[in-house]
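Protein sequence lines correspond, in order, to chains A and B.
So in this note's numbering, spot 145 of the first sequence is number 145, and the numbers just go up one at a time.
So in this note's numbering, spot 157 of the second sequence is number 1157, and the numbers just go up one at a time.
The hints are simulated quantities; they were obtained by calculation from the structure and are not laboratory data.
All C-beta atoms in this analysis are idealised placements derived from N, C-alpha and C, irrespective of residue type, glycine included.
Take the hints with a grain of salt, since some may be wrong.
Listed next, the in silico DSS-like pairs over lysine-lysine satisfying Cα-Cα at most 30 Å (straight line) [claimed, not checked]:
(1) A:Lys222 with A:Lys208
(2) A:Lys76 with A:Lys50
(3) B:Lys1277 with A:Lys50
(4) B:Lys1498 with B:Lys1570
(5) A:Lys96 with B:Lys1277
(6) B:Lys1132 with B:Lys1187
Here chain B is said to cover these stretches of chain A; the calculated rule only asks that three of the stretch's residues, wherever they fall, bring their Cβ under 8 Å from a Cβ of chain B [as the list claims (entries may be wrong)]:
(7) 66-79
(8) 197-211
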Amino acid sequence: MRRRPSDWRLKEMTAMSGSSLLGATPATVALDASLEAYARRFRERPGRAKPLSPQLRRLEAESIFIMREVAASFEKPVMLYSIGKDSSVMLHLALKAFWPSPPPFSFLHVDTTWKFSEMIVFRDLIMKKLGLNLLVHVNEEGLRRGISPYASGSGLHTQVMKTEGLRQALDAYGFDAAFGGARRDEEKSRAKERIFSFRSQSHGWDPKNQRPELWTLYNTRKAPGESIRVFPISNWTELDIWSYLAEEEIPIVPLYFSAQRPTIERGGQIFMVDDDRTPLAPGEAPQMRGVRFRTLGCYPLTAAVESPAADIDAVIAEMLTATTSERSGRLIDHDESGSMEKKKREGYF
Amino acid sequence: MTSAVTARHLASAEKGLLRFITCGSVDDGKSTLIGRLLYDTRLIFEDQLASLQVESARRGARGGGIDFSLLLDGLEAEREQGITIDVAYRFFATGRRKFIVADTPGHEQYTRNMATGASTADLAVILIDARKGVLVQTRRHTFINHLLGVPRIVLAVNKMDLVGYSQARFEEIVADYMAMAAGLGFKSVTPIPLSALEGENVIAPSALMPWWTGESLLGFLEEVEVEDARLASAMRFPVQWVNRPHLDFRGFSGTLASGALAPGDPVVVARSGKTSKIRAVVTADGDLERAEAGDAVTLVLEHEIDISRGDILCAPSARPTVARQFLSHVLWMHEEELQLGRPYLLKMGAQSVQAVVSAIRHRLDINTLSPAPAETLELNGMGLCEITTLQPVAFDPYRDNRETGAFILIDRFTHQTVAAGMVEASLQKATHVYSQAMDVAKPARSVLKGHKPAVLWFTGLSGAGKSTIASLVERRLSLMGAHTYSLDGDNMRQGLNKDLGFSDADRVENIRRIGEVARLFVDAGLIVTASFISPFRAERDMVRSLLEPGEFIEIFVDTPLSVAEQRDPKGLYRRARTGEIGNFTGISSPYEPPVDPEIRLLAGEGDPAVHAATVVEYLKMAGVLARAEDAPLDFSI
Chain A
1 MRRRPSDWRL KEMTAMSGSS LLGATPATVA LDASLEAYAR RFRERPGRAK
51 PLSPQLRRLE AESIFIMREV AASFEKPVML YSIGKDSSVM LHLALKAFWP
101 SPPPFSFLHV DTTWKFSEMI VFRDLIMKKL GLNLLVHVNE EGLRRGISPY
151 ASGSGLHTQV MKTEGLRQAL DAYGFDAAFG GARRDEEKSR AKERIFSFRS
201 QSHGWDPKNQ RPELWTLYNT RKAPGESIRV FPISNWTELD IWSYLAEEEI
251 PIVPLYFSAQ RPTIERGGQI FMVDDDRTPL APGEAPQMRG VRFRTLGCYP
301 LTAAVESPAA DIDAVIAEML TATTSERSGR LIDHDESGSM EKKKREGYF
Chain B
1001 MTSAVTARHL ASAEKGLLRF ITCGSVDDGK STLIGRLLYD TRLIFEDQLA
1051 SLQVESARRG ARGGGIDFSL LLDGLEAERE QGITIDVAYR FFATGRRKFI
1101 VADTPGHEQY TRNMATGAST ADLAVILIDA RKGVLVQTRR HTFINHLLGV
1151 PRIVLAVNKM DLVGYSQARF EEIVADYMAM AAGLGFKSVT PIPLSALEGE
1201 NVIAPSALMP WWTGESLLGF LEEVEVEDAR LASAMRFPVQ WVNRPHLDFR
1251 GFSGTLASGA LAPGDPVVVA RSGKTSKIRA VVTADGDLER AEAGDAVTLV
1301 LEHEIDISRG DILCAPSARP TVARQFLSHV LWMHEEELQL GRPYLLKMGA
1351 QSVQAVVSAI RHRLDINTLS PAPAETLELN GMGLCEITTL QPVAFDPYRD
1401 NRETGAFILI DRFTHQTVAA GMVEASLQKA THVYSQAMDV AKPARSVLKG
1451 HKPAVLWFTG LSGAGKSTIA SLVERRLSLM GAHTYSLDGD NMRQGLNKDL
1501 GFSDADRVEN IRRIGEVARL FVDAGLIVTA SFISPFRAER DMVRSLLEPG
1551 EFIEIFVDTP LSVAEQRDPK GLYRRARTGE IGNFTGISSP YEPPVDPEIR
1601 LLAGEGDPAV HAATVVEYLK MAGVLARAED APLDFSI
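Same shape as in the complex, but just chain A (with noise of 0.2 Å):
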């Protein structure tokens, strides 16, 4: 895990809110005991009280066919993971489409360095408690040159950091199949993406090339040097996400449910003071607000909304009557109108 820069004021606020990043705490003590519990489901198979809704079921089976087409088609696939609900969601899926295999393919993160801490204590607990290794890749090019997304503005900072840290990692490990979270339901452009979608050796994605993609035969050739990224909950909404999540019982990171969080505020939105890093202006003080977050990513980058949805059963109620889009609180996305399928050409996932 990287190190992250600390002061009085920080271990204060988060000693308050019980999200610690000073080992145990009975946040922690929860967290350990909830996914060592989750990896002794896949030990020992206890079976299920009650079967899966017909349409998860569905999505599920369609998801874990696409993994193992993947798995038996190429020769070094990777599975990128991010943290959030929908990489929690793939990964659960992977566990489960080769038991009592183990996912027989790698795991990556493409770290910002500007994850909040929460998710990288997450992260790691979780492949530990899993045996599973974890790839972590951080663009230190883009460090050296001093790249964050304070200083740089999250276009650039996304850019270098994310899509250029991205393709930097696949080139080094030489993946030819990558593994991502994307749903259609989330922007346009990715409505219109294939499930096997094909990468030039660059990584650029040709959006009016794309290949026909009929019934469940995905194509998956391609020369050496190119690649395929691999969408396999394409055809999940939001809705499914957590329906899935709840029915599963699969453990998220605490974030996503309401707790007291040291915040700011910035343009009309609400952000999350994580560290020290958060430049405040003279006199200004974080305030500690009862805050969760529908969607995880760098935490300068990502707004929170107010709520008092502690459980999934409260974030589900709160989504049948939500009125924004869970992407409202990405500011990448609102850089200008086609701005996600630019990113996507460049190579973002």
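Given the coordinates of chain A, assemble chain B onto it according to the supplied hints.
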């Protein structure tokens, strides 16, 4: 962990999922209709709506309203052209059902996208502009849905506001359409009048069309039955991945394509005929007592039998067809047209084999839906074709099983998906496919000639010494009294193949014709020497597949590029190096060496006569030159 909230949400999912596609001509209002469905089922969030309003205003949408199509046209290129160019998948749910909509483009050059959407659809919504009525495009869309086996059609007669919500106009269009769709075998065709722009009869019945007593579009989509045909079909379990974590566990992972299975059921491997019994149906949630179509499971069998990816497990009493030749509808999806005889990669379920389109029975004229003769299929062309595969494949006719009767063709060089196919029938039981039994059969000719027929296929770089060695071999064989004939690049290209150039396509056709000629000579009982660079493994394998085992003798004239280039007998390398000749094997085009040739001659050195003697020795050893007394006499006249 199921609360009242989760339960309420999931209750809607219990009604199941409907996958449908929308098809229409340009400006029929497809995107507007889907936008309207999303909007009216509250699937558009405030932030999306806000950006939609800004965008609509910028583009000067009608009367300052919302242009719903902007919500859907995801790609910049499309927005610039103002048309939808690709397939987009949209999701919405009502209290009763979840929907996945494939939004597919209507204009002619993008038929392939429509077929893509139709391949997974339970139902198709075909839009018609009430002012224009049934168009050529409507016919095309209907036919593609028929071809792809979409069981149900909704005929959405849109823009009723522009014909004054006229019942007479609606009925006229419906009558036209029904006349056209009759005989295509849809389970149902349901006409519904509506106006997507005004929202009339989309979500709820319209007060402006009191004459309409049927349902609104959404009302119908929520209620229509989608019986899962896969459950009723015979059991098919395509093996996707062999699950072998350690020596004590060997399972076969896959998704049950059709039917159901349970522990204790007998199974047979379709291609090999090997049998066993299901011992356990394994999942991460525990072993199952039963699995049915659509379930992703891992099977453990009672016996250790040879099974790998691509095998299909089925019930011994209801097996798929296993064959190398079959008849299929083919939809061509690539700019580069179909080439008869060119090897493509055929992917059918988890099976991947080399295949050629060996003949086109006919092309379908989309306007008249009548068959017409054709020598190729171009982008968006459809035809009934004969397919021959290098190894046998297991399949069902597409109309019986969409899962095991569909395939795609992939170009072996560009790796593009070039075609989609739907199997009509096996060809191997049809007597006309077997070649005409001749009065004097091949073994008989062999007896008369005193040797077995064979093709000595010399492959290697230009300048490797193929023709030199081949002609020495032929001379020796003649002296021994063998009947021979020689084929080489130059004599073929001056005659039979003088219409061919050096493009990839022409090279493939060149080798295919040579293979067929060689086969005729072999049938006549001759030993044929053939000297061709033939750089691609697949083309050589294709010639091999035309002949019987033992008849094709691949001789790799293995001369290093540097030596061949130094020899450069025709000055070709020099011209290739300067770029004067393109696509030159070894320089600007690859050479794929044989993996396991019958003979490999290290011809960069040594006397060609010695290499020729090596070949003749091999022919004696292999029995080609021994008298063929043991061949059965077959004078069955």
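For each hint, the structure was consulted:
The suggested pairing of lysine 222 of chain A with lysine 208 of chain A holds, with an alpha-carbon distance near 18 Å, which does not exceed 30 Å. Under the criterion of a C-alpha separation no larger than 30 Å, the hint pairing lysine 76 of chain A with lysine 50 of chain A is inconsistent with the structure, at around 36 Å. Distance check on the hinted pair: lysine 1277 of chain B and lysine 50 of chain A sit about 29 Å apart at the alpha-carbon level, within 30 Å; holds. Pair hint lysine 1498 of chain B plus lysine 1570 of chain B holds up; C-alpha atoms about 19 Å apart against a cutoff of 30 Å.
Proposed proximity of lysine 96 of chain A and lysine 1277 of chain B is supported: the alpha carbons are some 24 Å apart, at most 30 Å. In summary, the hint linking lysine 1132 of chain B to lysine 1187 of chain B is supported, as the alpha carbons are separated by about 26 Å, within the 30 Å threshold. A count of 4 residues in the region 66-79 of chain A with a Cβ less than 8 Å from any Cβ of chain B is obtained; the coverage claim is therefore met, three being the minimum. For the region 197-211 of chain A, the assignment as covered by chain B holds, since 4 residues bring a beta-carbon within under 8 Å of that chain's beta-carbons and 3 suffice.
Going down the numbered hints, you'll see the structure goes against just number 2.
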